[in-house]
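*Asks:* Using the sequences and the accompanying hints, generate a full structural model.
As a plain string of letters, each chain reads:
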Amino acid sequence: MSHDMSDDKLPQAHDASDAHGDVAVTDNPFADPGLPAHQPRRTDIDERAAKRAERQVSLMFLVSMLATVGFIASYVAIDPDKIVYIFPLGHISALNFALGMTLGVALFCIGAGAVHWARTLMSDVELPAERHPIEADDEVRADVIEQFKTGAAESGFGRRKMIRNTLIGSMALVPLSGVVLLRDLGPLPEKKLDVTAWNEATPAAPIRLVNMNTDEPLKAEDVAVGSLTFAKPGPSASRPAGLQESDEDFQQAIAKDALMLIRIQPDDIKDANSKALGFEGVLAYSKICTHVGCPISLYEQQTHHALCPCHQSTFDLSDGARVIFGPAGHPLPQLKITTDASGYLIATQGFNAPVGPSFWERSA
Amino acid sequence: MSSSTSAKQAAPASTRAKPANKAEAAADYLDGRLGIYSLAKANLRKIFPDHWSFMLGEICLYTFIIIILTGVYLTLFFKPSMGEVVYNGSYAPLNGIKMSEAYASTLNISFEVRGGLLIRQIHHWAAIVFVAAMFVHMMRVFFTGAFRKPREINWIFGFLLLFLGFFDGFLGYSLPDDLLSGTGIRFMEGAILAVPLVGTYISFFLFGGEFPGTDIVPRFFTIHVLLIPGVMLGLLVAHLILVFYHKHTQWAGPGRTEKNVVGMPLMPVYMAKAGGFFFLVFGIIAAMSAIASVNPVWAYGPYRPDQVSTDAQPDWYMGFAEGLIRVMPGWEVRAWGHTLNLGVFIPLMLFPLVLVAIAVYPFIESWITGDKREHHILDRPRNAPVRTALGAAWISLYLVLLSGGGNDLIATHFHLSLNDITYFVRVGSFVVPVIVYIVTKRWCLGLQRRDKEKVLHGRETGVIKRLPHGEFIEVHAQLPQERLHTLTSHEQYEPVELPAETDENGVARKVGLVTKTRAKLSEGMFGEGSQIPKPTVEEHQEITSGHGHH
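Protein chains in written order, with our numbering: chain A, 1 to 364; chain B, 1 to 550.
What the hints contain is simulated information worked out from the structure, not anything from laboratory work.
All C-beta atoms in this analysis are idealised placements derived from N, C-alpha and C, irrespective of residue type, glycine included.
Please note: incorrect hints may appear among the correct ones.
Claimed, not checked - Per label pair, the in silico range of CB-to-CB distance:
#1 A:148 to B:292: 53 to 59 Å
#2 A:150 to B:480: 57 to 63 Å
#3 A:150 to B:503: 39 to 45 Å
#4 B:349 to A:65: 51 to 57 Å
#5 B:316 to A:173: 52 to 58 Å
#6 A:144 to B:477: 35 to 41 Å
#7 A:139 to B:52: 41 to 47 Å
#8 B:45 to A:52: 24 to 30 Å
#9 B:474 to A:37: 28 to 34 Å
#10 B:20 to A:58: 24 to 30 Å
#11 B:353 to A:133: 31 to 37 Å
#12 A:343 to B:353: 31 to 37 Å
Stated by the list, open to error - List time: in silico SDA-like cross-link candidates among lysine to any residue, alpha-carbon distance up to 25 Å:
#13 B:46 to B:33
#14 B:46 to A:115
#15 B:46 to A:134
#16 B:79 to B:128
#17 B:259 to A:137
#18 B:79 to B:259
#19 A:192 to A:240
#20 A:192 to B:307
#21 B:98 to A:236
#22 B:454 to B:473
#23 A:82 to B:96
#24 B:98 to A:244
#25 B:516 to B:497
#26 B:372 to B:497
#27 B:247 to B:360
#28 B:516 to B:358
#29 B:149 to B:259
#30 B:372 to A:138
#31 A:191 to B:226
#32 B:372 to A:130
#33 B:46 to A:124
#34 B:259 to A:136
*Replies:* Rendered as structure tokens:
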């Protein structure tokens, strides 16, 4: 701390250590009059009040005993499936209610009894105790520093510079082995975040869009104007049965592959690129929000706005899923779709941008 | 053998008198091995001062113990695994649905283990009360200046406990792997990905590959039940040892000085009160858990990355972080083939900064005052207007951000536009704390003036007197000396002045920027606009000596 500031700006410490009752009250009305005299409580002077307090405390401990018995009885007697109606709580688990209330009463009464005991029957005379400064006095300080210097001199730590420096170096490096050991926590990211199952699709080997709810391939006419349809990838070379819930990596796959389909009158689509990626007004967007990755599930058909319920990023699906409100930083990726000979909706290439939240290596 | 003779020699008798009873004998036994008498000598009748606000820290301690006890119980039944199972249990609506073992075992605890639901609810409720109590306890310590020397290090310990409590709470409610908690983890993944350079690597190492993978629940489990609680336990013990060592602070009052502590002894009063209070806290939390359901995971369903429920909310203590992320504009910088996601990264950095702001305050204040003395008497918040106003401004920022984190709930409950709330929070985060600061400071100064008025002119008695010449006055009664002392014993700092521009030889003095800043801050804190001078003895005497007007 700088020494340019003098201590004279500190307040005068009201050092009233001698203020224990008998200071010269006359010349300083603000002086410390010392500890006030003890005021006896009713239980201190009235034995009947004291007896009553004693009975109250014991009663609370007794209620606690009964409640514990009630707890054990409830545990044994009440069926865990039993649901009861208790006003104003509604329909709740009888066992949970009985166990919680009996345990609550059993514990509360112990506490209430102990506090009541302390407040009514134990002494309430306030006593002063002295504090001692935390800092050691100068003599102790000098002694310790001397001892430390002796120890340091005996170790030769300051004199043998080579030992000191190599010790510091080795201590600085050794934690690195701990960091290195963490490497196998997971694989390297590589380009994994850039690709989804849809990237496998080619004009020669397209992937069908499969309805998430019915597990059936979708046709353009299945997507009604004003509705929101959720889809997943159908059969592909690496996944001949299409993405199934029973797949071991289903969670990981659906976290990137989930699609939402909407249908807008082609004339209402404002973004020409977006229109070209769709098929007769059917547009396929990634369902995963570009903010932090929540699935988007609220769609307003009049305005074509889709809203993420987590952080309220709002996208205009008629305008290339442009962000019109909220914390998302870029539009939802769109999947180019068309139909195959049998009229099923297919993808022939991956998303036009990496799906999900942004990351440092993301280039598009 | 010679040993037979030496064995017959009587062992040297202990110089201690024979114990009077078995309890004393047991105590003697332990003392010979553990030295308990010396320990007890200092602590058995240790004095604790009394004030209702001193119990806030106790609530933290007791809820922490409750969390540990119930947490151990839950580990006996919870399976921290993301292995997939088809649920076939007593909660019919989810029968036949695929889910992780973590979620299935949480349902099992809630519906099949007798009392399991109660313990789960107590665990969660205690965690909520724990964080809330830490907050309020910290506010008490802040607003009364109890963090000043020698307690700055304990302030840091407390801050770390709060910070770790936040994270352990977050990890805890992520474990059941329900739809809501999975959404929270997804949010965390998105936030990690926003970190420049290393974000994707941290994410892949944390999740063991791509989100969500199958490692996250077992990893979170170990961190939640072992790593963080272990560190917290260590910090808690250190925190309590320091409270014992420093002795408790106390309010100013007759007979109370910086060099003593006035209150009741540990044994028996404080033992009974504090020990009893543990049972009160536990009892109330048990009753709350019986009647109020928190985190009904069965209602959300198992986690799937393509599904979400509306009003996805974290626990309230993460609400301000949620607010930061919701109200931040979506700024993204794309250049040289890289993306810098400022819209997420800035809130991610602000989140710890909002918290660290309170951690460093004791050091800032002691630097400005230059005060290196020990303080054991508490400040009334009004007597430190700038500190109080800063604290209030911080709380208002916290609340504004919290309302940003609950913008969807506010919108639906109060029929407001969600977008308007977000715009309000964007502006309010900057404006509201300033307004709160100004109002609080003026309020404190007003209270200081009222104290001064009371000291000099006494309190209003409500008695109206008519003087001989017809004037009506209200009789004011002198305060007793105890009150006068209490109201005038606080310290008042004077602002630091810059040294003169030239020294005694007329040579221009170099005044560094640091010194200038410090003088400015000191002026802001203790200058004319920031404190009302205390009444002096002279002022008091002049008014009470009969020359005054009443």
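*Asks:* Each hint: holds or not?
*Replies:* Results for each hint:
1. The supplied range of 53 to 59 Å is met by residue 148 of chain A and residue 292 of chain B, whose beta-carbon atoms lie about 57 Å from each other.
2. About 59 Å separates the C-beta atoms of residue 150 of chain A and residue 480 of chain B, a value consistent with the hinted range of 57 to 63 Å.
3. At about 43 Å, the beta-carbon gap between residue 150 of chain A and residue 503 of chain B stays in the expected band of 39 to 45 Å.
4. Our hint of 51 to 57 Å for residue 349 of chain B and residue 65 of chain A holds, since their Cβ atoms are close to 55 Å apart.
5. For residue 316 of chain B and residue 173 of chain A, the Cβ-Cβ distance of about 44 Å falls outside the hinted range of 52 to 58 Å, so the restraint is violated.
6. At roughly 56 Å, the beta-carbon separation of residue 144 of chain A and residue 477 of chain B lies outside the given 35 to 41 Å, and the hint is violated.
7. Remark: the range hint 41 to 47 Å for residue 139 of chain A to residue 52 of chain B is upheld by a beta-carbon distance near 42 Å.
8. Evaluation of the 24 to 30 Å hint for residue 45 of chain B and residue 52 of chain A yields a pass: the beta carbon distance comes to about 28 Å.
9. Taking 28 to 34 Å as the suggested C-beta distance range, the pair residue 474 of chain B and residue 37 of chain A conforms, at roughly 31 Å.
10. Evaluation of the 24 to 30 Å hint for residue 20 of chain B and residue 58 of chain A yields a pass: the beta carbon distance comes to about 28 Å.
11. A hinted range of 31 to 37 Å for the beta carbons of residue 353 of chain B and residue 133 of chain A is consistent with their spacing of about 36 Å.
12. Hint check: residue 343 of chain A to residue 353 of chain B, Cβ distance near 56 Å, so the stated range 31 to 37 Å is violated.
13. A hinted pair counts as satisfied when its Cα atoms are at most 25 Å apart, and residue 46 of chain B with residue 33 of chain B qualifies at roughly 23 Å.
14. For the hint pairing residue 46 of chain B with residue 115 of chain A, the CA-to-CA distance comes to about 18 Å; that is within 25 Å, so the pair holds.
15. Distance restraint check for residue 46 of chain B and residue 134 of chain A: the Cα-Cα separation of roughly 17 Å lies within the 25 Å cut-off, and the hinted pair is therefore satisfied.
16. With a CA separation close to 23 Å, the supplied pair residue 79 of chain B and residue 128 of chain B stays within the 25 Å bound.
17. Distance check on the hinted pair: residue 259 of chain B and residue 137 of chain A sit about 16 Å apart at the alpha-carbon level, within 25 Å; holds.
18. With a C-alpha separation of about 54 Å, the suggested pairing of residue 79 of chain B with residue 259 of chain B is violated against the 25 Å cut-off.
19. A distance of roughly 21 Å separates the Cα atoms of residue 192 of chain A and residue 240 of chain A; the hinted pair therefore holds under the 25 Å criterion.
20. Straight-line distance between C-alpha atoms of residue 192 of chain A and residue 307 of chain B comes to about 22 Å, which keeps the hinted pair within the 25 Å bound.
21. Between the alpha carbons of residue 98 of chain B and residue 236 of chain A the distance comes to roughly 24 Å, so the proposed pair stays at or under 25 Å and holds.
22. For the hint linking residue 454 of chain B to residue 473 of chain B, the alpha-carbon distance of about 16 Å falls within 25 Å, and the restraint holds.
23. In summary, the hint linking residue 82 of chain A to residue 96 of chain B is supported, as the alpha carbons are separated by about 22 Å, within the 25 Å threshold.
24. For the proposed pair residue 98 of chain B and residue 244 of chain A, the alpha carbon gap of about 12 Å is at most 25 Å, so the pair holds.
25. For the hint pairing residue 516 of chain B with residue 497 of chain B, the CA-to-CA distance comes to about 9 Å; that is within 25 Å, so the pair holds.
26. Among the hinted pairs, residue 372 of chain B with residue 497 of chain B is consistent with the structure: their alpha-carbon atoms are about 18 Å apart, no more than 25 Å.
27. Straight-line distance between C-alpha atoms of residue 247 of chain B and residue 360 of chain B comes to about 23 Å, which keeps the hinted pair within the 25 Å bound.
28. Of the pairs offered as hints, the one joining residue 516 of chain B and residue 358 of chain B holds, with about 24 Å between alpha carbons and a cut-off of 25 Å not exceeded.
29. Restraint check for residue 149 of chain B and residue 259 of chain B: the C-alpha separation of about 14 Å stays at or below 25 Å, so the hint holds.
30. This hinted pair checks out: residue 372 of chain B and residue 138 of chain A have alpha carbons roughly 16 Å apart, not beyond 25 Å.
31. Restraint check for residue 191 of chain A and residue 226 of chain B: the C-alpha separation of about 34 Å exceeds 25 Å, so the hint is violated.
32. Only pairs whose Cα atoms come within 25 Å are accepted, and residue 372 of chain B paired with residue 130 of chain A is accepted, the gap being roughly 20 Å.
33. With a CA separation close to 14 Å, the supplied pair residue 46 of chain B and residue 124 of chain A stays within the 25 Å bound.
34. With a CA separation close to 16 Å, the supplied pair residue 259 of chain B and residue 136 of chain A stays within the 25 Å bound.
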